[in-house]
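Chemist: Take a look at the letters that make up each chain.
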Amino acid sequence: MSAALAEAAAAEIWRKFLCRACGLIYDEELGDPDSGLAPGTRFEDIPDDWECPICGVKKTDFEPYNAREAPPVLSLPVLRHAKPGVVVVGAGVAGWAVAEAVRALSPSTPIMLVTGCTGEVYNKPELSVALARGRTPASLCREAGAAIAGRLGVRLLTDTIAVGISKARRELRTTRGTIAYSHLVLAHGARPASLPSLPASLCWSINHLAAWSGLYKQLADGTKRIAIVGAGMVGCELAEDFARAGHRVTLLDREVAPLAGLLPEPASARVERGLGALGVRFVGQVMVAGVVAGADGGKHITTACGQAFDVDIVVAATGLVTESRLARNAGLAFNQGVAVDPVTLRTSASHIYALGDCISLGGRPCRFIEPIAKQAETIARDILELGHDGYSHAQPVIRLKTKSAPVMLQGVPHPEASWRTIRDDATALVMEQWRGDQLTSRLSV
Amino acid sequence: MTVASALQAPPEHQWDDASVIEQVTAIAQGPLRAAVTQIDHDGHYPREIMAALGEAGALGVHLNRYGGKLGLSIAAMQAASRVCGSTGFLMWSHDVCGIYLEQSANPALTGAVLDNHARAKTLGGTALSNPMKALSGIEPMLFRARKVPGGYRVNGSLPWVSHIGPGQYCGAVAAVERDDGTVSHEILFILHCDERVELRACPQFSGMEGTATWGVRLVDYFVSEADLVADPARPLIARIRGAFILLQTGMALGVAQGSIDSILEVEPMLGHVNQFLSERPDELRGELDELSGRIMALAQTPYDGSRDYLLDVLDARVQGAEFALRAAQSALLHQGARGYLMTSAPQRRIRESHFVAIVTPAIKHLRWEMARLSREELPA
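Chains A and B are the protein sequences, given in the same order.
Residue numbers for the first sequence, in this note's numbering: 6 to 450.
Residue numbers for the second sequence, in this note's numbering: 145 to 524.
Pulled out of the complex, with its shape left as it was, chain A reads as follows (with noise of 0.2 Å):
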């Protein structure tokens, strides 16, 4: 007898083994009498020809059986038979404004939000200013999804994916089962492209608060090298972020400027020499080839023309995407975007909405947090059927939240058009863009 077995023996710990075959468990307390082994049984004292009363396997098919963790418990449990309301996919702020506006409508008809993160609340323009601010995970956090479910009553299922949705019998499918719904909204905003040069495993992309999250863990302890792939308006504003708060960074883009593809030049250069003062490298005309991991833990990345950029930290910024396979799945249109009735935000079935950044309205998707608040307020007061003036689109002003030079840009700016300079000193440039006598788009910096 082995010191552990003799050990549990005195203090008659009693041992369980789990059959890998099927499952069943041997208790040496109860031993299993029916295949004469008696209570008390000891693992060792089981004879060699003794077989898994349920399926034949032998001892040896047995390990010492340690039971699981639980699984972490869902905030509220699925209730199969509930009765159909609004089902939301999705809980970023466009999940979350649509079960307010239903709420503040409503108290009584049953909502559900289903995400597949942990739906806490939180800003996520906040994200790419949030590191020279000195903000932490927690400090993003508004509120945690059980409390504003718990607040709005709610059901809320984290962790859930939707994957599938019979459109006849009104029914949304998801890896925690099926869930009828009387309207469905899609909310499930867009994703990072992804490039195949750009893996996701060595490159961040911020497009949530748990990669951000994940992020700040790396940045926490002392300065970094960090390449940003991407000039864009997240692009520009994480540049400078990281710069503020005492990283080394390098942006690198396939354009000559930073937001050349948004930007006059006289503007983009602007934006260059604010973020240049900072220390934030600009790198144009490059397109990066690969990233590959080093062996000190850092990333090499290559491009196209041959240049190579050693950093600790690669972070992708190289514009979103919205996932077509639920809509697809479904049957409804898709065009950039899950296609949605301009007035009431309808998908192309009935009963199925849609609104943020997962949609496109006339083939343009439009990835800005100031039209959700309306779109959910339409949507509520369509599916209450309250009577609206319906949703009336109109291009958001563009702030970009760089302070080393702030740009702000009105209207929608047709890339071939030209640009009139209005004024342009050390303090400010302002030019406009217009089409016969009508002002269409005018910026500052």
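Hint data in this document are derived by calculation from the structure and do not stem from the laboratory.
Keep in mind that this is a model prediction, so the values were computed, not measured.
One thing to keep in mind: the hints can contain errors.
[As the list claims (entries may be wrong)] For lysine-lysine, the following DSBU-like pairs were computed, each having C-alpha atoms within a straight-line distance of at most 30 Å:
#, chain 1, residue 1, chain 2, residue 2
1, A, Lys21, B, Lys265
2, B, Lys277, A, Lys64
3, B, Lys277, B, Lys291
4, A, Lys21, B, Lys508
5, A, Lys64, B, Lys508
6, A, Lys408, A, Lys229
[Stated by the list, open to error] Label pairs and their in silico Cβ distance ranges:
#, chain 1, residue 1, chain 2, residue 2, range
7, A, Pro38, B, His416, 37 to 43 Å
8, A, Asn71, B, Pro310, 48 to 54 Å
9, B, Gly480, A, Ser397, 24 to 30 Å
[Stated by the list, open to error] Sample of chain B residues at the chain A side, in silico, Cβ under 7 Å:
#, residue
10, Ala278
11, Gly281
12, Leu286
13, Arg297
14, Ser301
15, His336
16, Arg344
17, Ala370
18, Asp448
19, Gly449
20, Asp459
21, Met514
22, Leu522
We put the CB at the ideal spot given by N, CA and C, even for glycine.
For chain A, the structure is supplied; the task is to place chain B on it using the hints.
Modeler: Just chain B now, with coordinates in the frame of chain A:
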């Protein structure tokens, strides 16, 4: 496409779509219907039915050498499962074993061996339930292998493997151990149920009798290189996973369609009261058509390895299982006491639909896998 599968079968082996379905339907509605109680109650293993289905092409048309018509294969399985779920399951087991052989690119497995298998002149199934769960991280791998000259030596026990018996074979997976007992990789091989293999009778199941299901125990079983399907196994398993799972939907569609048949059968007598039930036949019919349309579209590209494709397959498989459960339940409610008789089809289909829901990958396993596939990867 492998070299072997590029070699097309001779013209006399080509099966025409319409005649495959016509013959399978005739077999299902004739001899299979006559044998179904014997299969379900007495555990009769319908070799003769499988032979006829093989001759008709039902067990070969999904293979690339016979045109890679996975949709036709699913439709054939549906036609048989509509009458007998056990037979549908045997067809699936046989079909995936054919895929292992063909995808092996092993000359010893892809010639006459594959042709005989495709025509069901020889019978063989699959022992991948445990490996599929093991590779998903749900449970440990039960077969363990050690490298020896000329092949591997395998030990371990599997509690239940179907569509096997003395003289038959199945695809199986073993984890290869290094000298220190750690696992280096896995192998997929053809396991011959000869005198070296101990086959043990299984306890009685609630349904799916007649599927020749045995416990398998291997003691120092030698796998020669001629019987290796894939070494390492994971790339091949990843390649065929979509087809493996999608084919199972044939069982779900068939059990559901048989359930609709049972509802319609009593409509003349019971329609006046059955109208108060939910899950009425028109509703079920609509869902059957919608789901089978999606499955047939997915069957066009069974080796599309993309994440989205796999999610669509897993979702269709879950929906099929849930649909079969609901349809079978509804058929029993529609038939009332008739359906509650031990020999009635609705009563049997309740048990068959339970099987569709729990056979690997079970509903819970499918959802686990969809959640895993959907998780966004973040840098370490």
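Chemist: Next step is simple, just say for each hint if it's right about the structure.
Modeler: Quick rundown of the hints versus the structure:
1. Lys21(A) to Lys265(B): 47 Å, violated
2. Lys277(B) to Lys64(A): 22 Å, holds
3. Lys277(B) to Lys291(B): Answer holds: lysine 277(B) to lysine 291(B) is near 24 Å, not above 30 Å.
4. Lys21(A) to Lys508(B): Roughly 26 Å separates the two Cα atoms, so the pair holds.
5. Lys64(A) to Lys508(B): At roughly 28 Å apart (the allowed maximum being 30 Å), lysine 508(B) and lysine 64(A) satisfy the hint.
6. Lys408(A) to Lys229(A): Distance of about 22 Å is within 30 Å: holds.
7. Pro38(A) to His416(B): 37 to 43 Å: Because 55 Å falls outside the window, the suggested range is violated.
8. Asn71(A) to Pro310(B): 48 to 54 Å: 39 Å, violated
9. Gly480(B) to Ser397(A): 24 to 30 Å: For serine 397(A) against glycine 480(B), whose Cβ atoms are near 57 Å apart, the range 24 to 30 Å is violated.
10. Ala278: It is violated, given that the least Cβ distance between alanine 278(B) and chain A is near 10 Å, above 7 Å.
11. Gly281: 12 Å, violated
12. Leu286: 6 Å, holds
13. Arg297: Constraint on arginine 297(B) not satisfied, violated at 15 Å.
14. Ser301: Holds - the Cβ of serine 301(B) comes within 7 Å of chain A, reaching about 4 Å at its closest.
15. His336: 21 Å, violated
16. Arg344: Holds, because the Cβ-Cβ distance from arginine 344(B) to chain A comes to roughly 5 Å (cut-off 7 Å).
17. Ala370: Status violated, d = 28 Å.
18. Asp448: 13 Å, violated
19. Gly449: 15 Å, violated
20. Asp459: 4 Å, holds
21. Met514: 5 Å, holds
22. Leu522: Since the shortest Cβ distance to chain A is 5 Å, the answer is holds.
Of the hints listed earlier, those the structure fails to meet are numbers 1, 7, 8, 9, 10, 11, 13, 15, 17, 18, 19, in rising order.
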